[in-house]
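Novice: One line per chain: the protein sequences are A and B, in this order. Going by the working numbering, the letters in the first sequence line up with residues 6 to 436, in that order. Going by the working numbering, the letters in the second sequence line up with residues 6 to 436, in that order.
Because the hints were derived from the structure by calculation, they are not lab data. Errors might be hidden in some of the hints.
Claimed, not checked - List time: in silico SDA-like cross-link candidates among lysine to any residue, alpha-carbon distance up to 25 Å:
#1 B:K405 with B:D207
#2 A:K183 with B:D207
#3 A:K183 with B:E260
#4 A:K187 with B:T151
#5 A:K187 with B:G149
#6 A:K187 with B:K187
#7 B:K405 with B:E260
#8 A:K183 with B:Q143
#9 B:K183 with A:G430
#10 B:K187 with A:K98
#11 A:K98 with A:E80
#12 A:K183 with B:T140
#13 B:K187 with B:E150
To be verified - Residues from chain A that keep clear of chain B, each with C-beta distances beyond 12 Å, as calculated:
#14 S83
#15 E91
#16 D92
#17 T140
#18 P155
#19 A209
#20 G227
#21 D237
#22 I238
#23 L253
#24 E260
#25 Y268
#26 M323
#27 L434
What the hints assert, rightly or not - Computed beta-carbon distance windows for the label pairs:
#28 A:R196 with B:E67: 30 to 40 Å
#29 A:D20 with B:E121: 41 to 51 Å
#30 A:L21 with B:F367: 52 to 62 Å
#31 B:L21 with A:V186: 19 to 29 Å
#32 A:P120 with B:W435: 31 to 41 Å
#33 A:D207 with B:E121: 48 to 58 Å
#34 A:H197 with B:Y268: 29 to 39 Å
#35 B:A337 with A:S47: 48 to 58 Å
C-beta atoms are modelled at their ideal positions from N, C-alpha and C, and glycine is treated no differently.
Number of protein chains: 2
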Amino acid sequence: IESRDVDALRALVADLHESDLARLLEALPPADRPQLIELLGSDFDFTALTELDETVRVQILEELPTQTVVEGVRELESDDAVYILEDLDDADKQEILAHLPIPERAALQRSLDYPEESAGRRMQTEFIALPPFWTVGQTLDYVGETEGLPETFFEVFVVDPTYRLTGSVPLDRLLRTKRGVKLGEVVTPDRHVVNATDDQEDVARVFERYNLISSPVVDDAGRLVGVLTIDDIVDVIQEEADEDLKALGGVAGDEELSDSFWYIARSRFSWLLLNLIAANLASFVISLFEGELERMVALAVLMPIVASQGGNAGTQTMTVAVRALATRELRASNARRVVARELLVGLFNGVVFAVIMAVVVFARFGIADLGFVIALAMIINLLAAAFGGIMIPLTLDRLKVDPAVSSGPFVTTVTDVVGFFAFLGIASLWF
Amino acid sequence: IESRDVDALRALVADLHESDLARLLEALPPADRPQLIELLGSDFDFTALTELDETVRVQILEELPTQTVVEGVRELESDDAVYILEDLDDADKQEILAHLPIPERAALQRSLDYPEESAGRRMQTEFIALPPFWTVGQTLDYVGETEGLPETFFEVFVVDPTYRLTGSVPLDRLLRTKRGVKLGEVVTPDRHVVNATDDQEDVARVFERYNLISSPVVDDAGRLVGVLTIDDIVDVIQEEADEDLKALGGVAGDEELSDSFWYIARSRFSWLLLNLIAANLASFVISLFEGELERMVALAVLMPIVASQGGNAGTQTMTVAVRALATRELRASNARRVVARELLVGLFNGVVFAVIMAVVVFARFGIADLGFVIALAMIINLLAAAFGGIMIPLTLDRLKVDPAVSSGPFVTTVTDVVGFFAFLGIASLWF
């Protein structure tokens, strides 16, 4: 790049897949990234930008001259173009749109007008829609001879004169049908038609559940407006799983490995602050029993065990509940059964660990009563953990709050508070 | 079902998609499930079984008469048949295979001979392979007129006389090429050919990275043996994300919502036992400072805060590290940078929370020195959390141990032990 040896660079990237080109960009120092793109000019495939982390992509787009971005975006399929534009701030977005020819601008603008994370944002607006009276032969000839069709497609759609979707005909069926047959006779209505305003997560569930490869997208009036393909959906599935996993670990769903120190420190801080408040609450509970702790220091030594065991058991139950809610496996119809089972598991493991700890404590301190106290506290806390672990996500879900993001602090607060309170409380009554 | 009203049942399921049929089965009491399948006879689509949880599927298959299973399996595509058979125990598997006609048996047996979770297990062995000297016209006619082709396909493969893969031609390209052109002239070699012994997780990464819809599968000699489609891969992606998420929450990757109480209680128990050992280790650390705790009960009240804050910060770092390792975003090339950043974040948040807690403690207990002690312990533990949170997953990954499964207990042990030791240790030196 430094020597501006364009020919060598072009030769280097000519054979690269867009994903590999994206990796190459990420490996470069930030300042060199826009430079490489400019040097390559039209040899740079803007599709590569869709494979980058958001932070890196926005940084590159902001540094590139508008004209370069406009030309790059024009080469893209509509879904990729939307993907690249949607993260830019409004001013930049409008500037780029203003430089596009009117039909392309209108199409992109319409996609961008759909809500964030909706099917309308992810769909491709290039597709083949034909009337039902066309024959298979006509269709095959049309597909074979027309320029400017979508780059890849798996089916043709059949629409009525008002562009309402009748159904679709997959390419392999088209090939296996006699040329004289009319499309109207071989078309099958799509079992699940996606609405452009549907949330991408719901759409992903439909794709997974019915093993779809692609699906037409219609507007509220039932008119065909685009097509969603599975490769876009794979990214959605991956993203959603990613967000849930990170949320459960107390990390913002959009944190990326390429984010700056400052962004990460701030985003992790808020979660830790919440935890600090919870920990102070638990500490307050402990302080209620200062007298007991002074009289019997063994209580201070043992109390974190009950709390920690509850925290882990609660996290187990919560993890299962959050995941099952996300995949819609946990529904109102089976919630009662799952809650009952979790409580039973909590009780069972509570009793087992109660026995183990009673023995350990007796061996360590030689006080049988202390073993009994910790055993009772263990059972109570593991039951509380099971109850909190399942009821908190269920309740948050019913309140339309994402249980993956918010369950953790509540559950550990419950297990800490109940753990310390049960152990020290029983001890204060006993001794 | 009770009234054995077969006609009504048939009418009921006739229009159901296999996924909905699977849901219906799951909603039934276990004893009724095989009964429904028998009543429906050949109207029951065995594909529905692939959409069930493993536990439910195995239970149904074990109760059905062998002959019913054999007939059902014969109707399936090869990948679905393998999916259904692979979880059965060897005796049942062999019995069913023995009842199949020899060619089908051999094909299934070959797929089952590939290692578990390999591409060979997931692939479909029905595909269209043609020689390069065929013309596009010939191909289109062949596809249009031959019976018994795969139910759905997106491309034809071109092979040499020894069945070695040359490449593939997608259907849409086939349609857009003149009939006289030879396949050898339009074929493109596949950029990434999957080997039948490749691990399904690695295959899923390739599909995601290159946005593939389907990919040929070859054996070690480069001969075409099957085709993998994205809908199978979506399940793999979903499963792998699921396993990581559950593992981080301390739950076995294969725990399903339909599992029995007994199975779940046992599988969660082992993780909790590990945690109990870690908690007892932390408790032992506390017991080293019994003297200090007796002299100053405020130490007992405050010590869980430092440990808890470290545990959460460590979990944050670990979650990011585990996920980035799973998606191959965290590599040797950027590990150093990520470790440095995590330590910086740990230091930063450590200092911020140190200041907050110093103020809180001074306000609560009026002892300035105690505030200073907790502040110092907080910084040390948040640094330890960052270090453990990133180095433990990296080390486990290098040792070929799945970091998602094993990192958690190590990280919280580190933060608990360091947290209690730092706080109580500094206090014992200070006061």
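Novice: Against the earlier hints, flag every one the structure doesn't satisfy and list their numbers going up.
Specialist: 2, 3, 6, 9, 10, 18, 19, 21, 22, 23, 24, 25, 26, 29, 32, 33 and 35
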